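S.K.: Sequence:
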Amino acid sequence: MEKYDIYLYGMTLVTTMNLLAGEYPEADTYSEIKESYVLPGGETGSCAVVLSALGCTVKLDGNFQGLRTKEVLEKYLVEKFGIDMSGVYFDETFDGVQDMVLIGTNTRTCFGRFGAYFSNERKRWSKPDSKDIENCEVVGLDPFFMEQSEVVAYCCHELGKKYVTIDCKYDTVIHKYSEVNIVSNEFIRSNYHERDVEELFREYTENTEGLVIFTFGSRDIMFGRKNQPIKRMKPYKVNVQSTLGAGDSFKAGAIYGVLKKMSDEKIVQFAAATAATVCSRFPLALYPPDLRTINKLINK
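Per my numbering: the sequence shown = residues 1 to 300.
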């Protein structure tokens, strides 16, 4: 079986993205659409694009693909970026997972059918193959696929493979065994809105040996490990074209940092610079980040 740098398990979908000429409009008003694209998206799809653009070999798995997603994903992920999707199941009774995003000057608003997708009695995502994990260097894991995501975490732990995850609670198996857990402000607001952030951060670090990162958009990033003081870093400033894919790109940057055995500080720097570079371009799948631009931003 072929070896590769990164194995990604998570959500890959097709996004219809509309870049607005200004801010997101109020109800019952008009807004001009500046640019529109139908391209790969999702936490894992976008992450795969970034890692491939940075020179990594990538294999991905996760949700089933369907009649309305297969062609776009094969055109871009497989043919353009050389990403291995050979293990992804094609379900011809299914349209595939899609969403639509409206992108304002400083906002992005997502519309989809994720509630229906996850509540459906038929679970349209694959069981992870332990051989895929065994044959990679580092894993990127989305926590969304319930027990199957946990299987990836257990398998990584047993095989001694490091993995980077996102937005999972501090009392979960996925957090416990992670090398890096990146927790977004959106997730914190939704799940821990009454908690003191520093107290919550310490709760996270107490429940893992890995690196914990809290992100807050343009506000300071918090990061650290168990029994260490909380560290902070200001995000890099760029001329923002779109924030779509910023979090997925931050995850990709962290995975790259783990692959290259960077220090904690360097991982956060590289992840933040990767996300900032993506924010300065649109759309991600047509204008992915490159190492020269990322390193230039870090050394600015």
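It is possible that part of the hints are untrue.
[To be verified] With a Cα cut of at most 25 angstroms, we get these calculated DSS-like pairs of lysine-lysine:
| # | residue 1 | residue 2 |
| --- | --- | --- |
| 1 | K234 | K161 |
| 2 | K296 | K260 |
| 3 | K237 | K162 |
| 4 | K127 | K231 |
| 5 | K300 | K237 |
| 6 | K75 | K162 |
| 7 | K3 | K34 |
| 8 | K176 | K237 |
| 9 | K3 | K169 |
| 10 | K169 | K237 |
| 11 | K123 | K3 |
| 12 | K234 | K260 |
| 13 | K169 | K226 |
| 14 | K231 | K131 |
| 15 | K266 | K300 |
| 16 | K162 | K131 |
| 17 | K70 | K123 |
| 18 | K176 | K260 |
If you're looking for bench data, these hints aren't it; they were derived computationally from the structure.
Nothing here was measured: the structure is a model prediction, and the numbers come from that model.
S.K.: Among the hints numbered above, which are violated by the structure, and what are their numbers in rising order?
M.R.: Of the numbered hints given earlier, those the structure breaks are 1, 3, 4, 6, 7, 8, 9, 10, 11, 14, listed in rising order.
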